[in-house]
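Chains A and B are the protein sequences, given in the same order. Start counting the first sequence at -16; every next residue gets the next number (this note's numbering). Start counting the second sequence at -16; every next residue gets the next number (this note's numbering).
Since the hints were made in silico from the structure, they are not lab data. It cannot be assumed that every hint is accurate.
Footprint (simulated), chain A over chain B, 3 or more residues, beta carbon under 8 Å [what the hints assert, rightly or not]:
id, stretch
1, 263 to 275
2, 319 to 332
3, 349 to 358
With beta-carbon atoms standing in for the labels, derived distance ranges [said to hold, decoys possible]:
id, chain 1, residue 1, chain 2, residue 2, range
4, A, Asp290, B, Pro7, 50 to 60 Å
5, A, Phe265, B, Gly377, 36 to 46 Å
6, A, Val371, B, Arg375, 50 to 60 Å
7, B, Arg413, A, Gly415, 51 to 61 Å
8, A, Arg264, B, His367, 28 to 38 Å
9, A, Asn420, B, Thr453, 23 to 33 Å
10, A, Arg264, B, Asp382, 48 to 58 Å
11, A, Phe265, B, Arg413, 43 to 53 Å
Here are the simulated EDC-like cross-link-like pairs (lysine to aspartate or glutamate), alpha carbons at most 16 Å apart as the crow flies [as the list claims (entries may be wrong)]:
id, chain 1, residue 1, chain 2, residue 2
12, B, Lys356, A, Asp290
13, A, Lys356, A, Asp219
14, A, Lys356, B, Asp20
15, B, Lys356, B, Glu383
16, B, Lys356, B, Asp292
17, A, Lys2, A, Glu40
We put the beta carbon where it would ideally sit given N, CA and C, even for glycine.
Number of protein chains: 2
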Amino acid sequence: MRIRVEWRASCSLTGTVLKWLAVPLTAPLLLAILDGDDPLPFLVAIAVTIAVGLALEQITDERELGQRESFLVVALIWFSIGFVGAIPFVVAGVGSIAHPINALFESVSGLTTTGATVMEDFSAHSRAIMLWRQLIQWLGGLGILIVAIGLLSHLMVGGAQLMETETQTRNVTKLRPHISETARLIWGLYVGLTVLAICVFYGLHVAGVAENMDLFNAVSHALTSVATAGFSPEPDSVGAFSPVVQWSVMPFMILGSTNFVLLYYITQGDFERPLQSEELRFYLGTIVVFGTIVVAILLLDSNPGLDGDLEATVRHGLFNVVSLITTTGYASTDFDTWTVGAKHMLFLCMFLGGMAGSTTCSIKSLRWVIVLKAFRRNLFTVVHPEAVRPLRLGDSVVDEETVNDVFSYVLLALVIFFLLTIFLVVDATRAGTGNFNEFAALGAAASIFLNIGPAFELAGPMDNYAGFPTSSRAVMIVMMWIGRIEIIPVLVLLTPAYWRS
Amino acid sequence: MRIRVEWRASCSLTGTVLKWLAVPLTAPLLLAILDGDDPLPFLVAIAVTIAVGLALEQITDERELGQRESFLVVALIWFSIGFVGAIPFVVAGVGSIAHPINALFESVSGLTTTGATVMEDFSAHSRAIMLWRQLIQWLGGLGILIVAIGLLSHLMVGGAQLMETETQTRNVTKLRPHISETARLIWGLYVGLTVLAICVFYGLHVAGVAENMDLFNAVSHALTSVATAGFSPEPDSVGAFSPVVQWSVMPFMILGSTNFVLLYYITQGDFERPLQSEELRFYLGTIVVFGTIVVAILLLDSNPGLDGDLEATVRHGLFNVVSLITTTGYASTDFDTWTVGAKHMLFLCMFLGGMAGSTTCSIKSLRWVIVLKAFRRNLFTVVHPEAVRPLRLGDSVVDEETVNDVFSYVLLALVIFFLLTIFLVVDATRAGTGNFNEFAALGAAASIFLNIGPAFELAGPMDNYAGFPTSSRAVMIVMMWIGRIEIIPVLVLLTPAYWRS
Ligand SMILES: [K+]
Ligand SMILES: [K+]
């Protein structure tokens, strides 16, 4: 069999990206030196990533990548950075994340902006290690933004091409026809948002209303808010901070989950296009609806620590709904102690996701908009079989193949989530895992595969994934990777048709 | 608003069906008289069904029903027979099913061929009551066959129109253009299969290898085998009988879940068409694959009562897989005591279902065949976006709208199952239901909505649904009804477009 895919060019490009990973690695290196901590973990990682990167680059000079190669490149980049990102944890050798599987779990969970952690004692680690954990999430968010807007929107990946329709991405990318130019534009917005978040968070500290939001925490949480990623150096997540901080984190999670092309229009003073976006309305609508439902349940049921405090009830209800819908995965309180109704509403939120073309994960509102429109249209057609009623998004007609693509994607995601749940149950029972039940498995499977972070019970927001069997954690690493790069690129690599002409 | 639906004609036709329900009601009436039991429960039911039937018939003489009215007729018939079927249980006033909600649950569970029971003490009831319970399932199976083949295959209901493609139903229905002629043909096959089952089961008794399979039991189990319905007068279901009976029940469950148009061809000596059916191959394939997996798990894990007995292991593994895939819901043993891996495989079987155009429930193999083909095709299109590759079933091209219909249906079914699960959890927690957990809810929701019958834990095959809160049982009644008539007719009735011109 002759392989027709330009795998050499794909490896070479991956090498370049790995080489450049040395630059962000200097940030925790400098912090380690500043704090008088061991710089070795980062020196080793820098050495490895440059060496492997340069070696891969040598494979070929040819860099012409077709559409088919882009799937391979995306899969390879996320895979290899996941490995390099684990090196500092292993070399530092501190705590549970020193174990290679755990180190890889933490690194992949970071890079995929999942934010599920296996770290047990947060205080045992140096600030440099904690910063690296935050930074790899921020890089993962940036990477997915570039891939989603610059690449996926041109490919047929589960209806991602529809983003084009909603945002006229091409109007932007046509002006800047090279992916590198689109990347620069996104990079500017992303950095700008991050800097704004740092200023707001640290500003609250300076203003005296956020005692423990020092510069380190401000930077750390800015990095993982706009990346909707969810790691926090605090074991209590955003619950460690004052109410005003919790309120101020919410807009950044929401912005991080908003289509960056729409954000770009807004920075250009064009508010018309965002206002016309059906996806944006749906996305904000889900936050309002689920926020209201959860707050209502919290008010009706008796929940520890919330009773009689209206502001706290609204804040915690809304915060955790926003955190899960945007797939950030922060927690403002241990929502695992809430009543079963509230917890199941949060569970449903996990399947929504923010907007396509953002740092968000999960199924995403664009796909749900299409699914709901197709449901309505199909019901209408049952009554009026003679009527031809194409599905519309904004001013454009969505062709039936694309609707199929979206349905395929949503159904595939649900089936994989379901099978992962069953695997986790069987594996935990086999291993005799304590404090485990079916709901823990459902939550963990959704949270891992949809790249959210925390779930319930064993995987609760104040707990960690170290309680799962090693075999489960190994499978979770793969599932976070598959989920983050939107399933299809991995499946495509597994089809023989991909490798043949 | 002017209502354009011929609701008068729909009510009138429902009246006729109700009137004729008096005929099957004479069977348990005669048995009650024969056994010296109280005939009143059946006399009341007969009086009510004739009176209501005649009254409804008077509404109009006009019987011209369009496509739109058929949805209303189906919904009305299943709804009203469910009520009449409950009358004997209430009038008899014995045991848990004397309570109106429970009586309705038992009746609707029967009519929808679900087979979930709220009966607690089986021995407290007369044979006449037990026979009515079996007979209503057989009638439900017959009703759905006529609706599925005579009606749904012409309408766009979640891809049901594809059955046409696979079986060339029209070749049969064209020869017999009126639904009444198709009905007679199906009726003949259905009665024939039932009589054959009676002969086989009772024959085993006569041959001395099935001690407790007396004529009453033979008739009872024949009625609910070919209807893939699952009620049994024995509290231990088919587990009450000898191994040879268990083996001999399996082919009837499989036949009951086979497309009856294909069965008709076979009776005409035409084996070519069945052999060409992709759906038939897929359906039998799922039985083989899941049967093998479950038997393998039973052999690998330690399971009470099975260890070291190969025949029993294969028999119980296969029987319960067949029972759940065909959506019959018999149990040959308490599979709820099996290991978690085996139980979860059985759980997955619930979502499969037999063939379209049979008495089976659940999602059905035809839809899964389309979903899998669409998955494969869509993956191919990702790699070869320029390729136009229509989806084929047999020799025909399936248009994209129909693929969408199928996707809509499957996704809708999964979403409703999921929401029902959450409702059951929240409701049981509110009511303080004991022995309840998330897996019990998942199983019960699937089993009720997909019309299977038993599930796990609280809803296990040797247990009953009386343990659920009354509110849950009330919702289950509605969900069995919605699930059995394939969701869409109910949803259609809820859309304003249905009632307007
Ligand atoms: K996350
Ligand atoms: K059943």
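Each hint, compared with the structure:
no., hint, result
1, 263 to 275, "violated (count 0)"
2, 319 to 332, "holds (count 6)"
3, 349 to 358, "holds (count 3)"
4, A:Asp290 <-> B:Pro7: 50 to 60 Å, "holds, 57 Å"
5, A:Phe265 <-> B:Gly377: 36 to 46 Å, "holds, 39 Å"
6, A:Val371 <-> B:Arg375: 50 to 60 Å, "violated, 23 Å"
7, B:Arg413 <-> A:Gly415: 51 to 61 Å, "violated, 32 Å"
8, A:Arg264 <-> B:His367: 28 to 38 Å, "holds, 35 Å"
9, A:Asn420 <-> B:Thr453: 23 to 33 Å, "holds, 26 Å"
10, A:Arg264 <-> B:Asp382: 48 to 58 Å, "violated, 31 Å"
11, A:Phe265 <-> B:Arg413: 43 to 53 Å, "violated, 31 Å"
12, B:Lys356 <-> A:Asp290, "violated, 53 Å"
13, A:Lys356 <-> A:Asp219, "violated, 40 Å"
14, A:Lys356 <-> B:Asp20, "violated, 57 Å"
15, B:Lys356 <-> B:Glu383, "holds, 12 Å"
16, B:Lys356 <-> B:Asp292, "violated, 39 Å"
17, A:Lys2 <-> A:Glu40, "holds, 9 Å"
Checked against the numbered hints given earlier, this structure breaks hints 1, 6, 7, 10, 11, 12, 13, 14 and 16; the rest are met.
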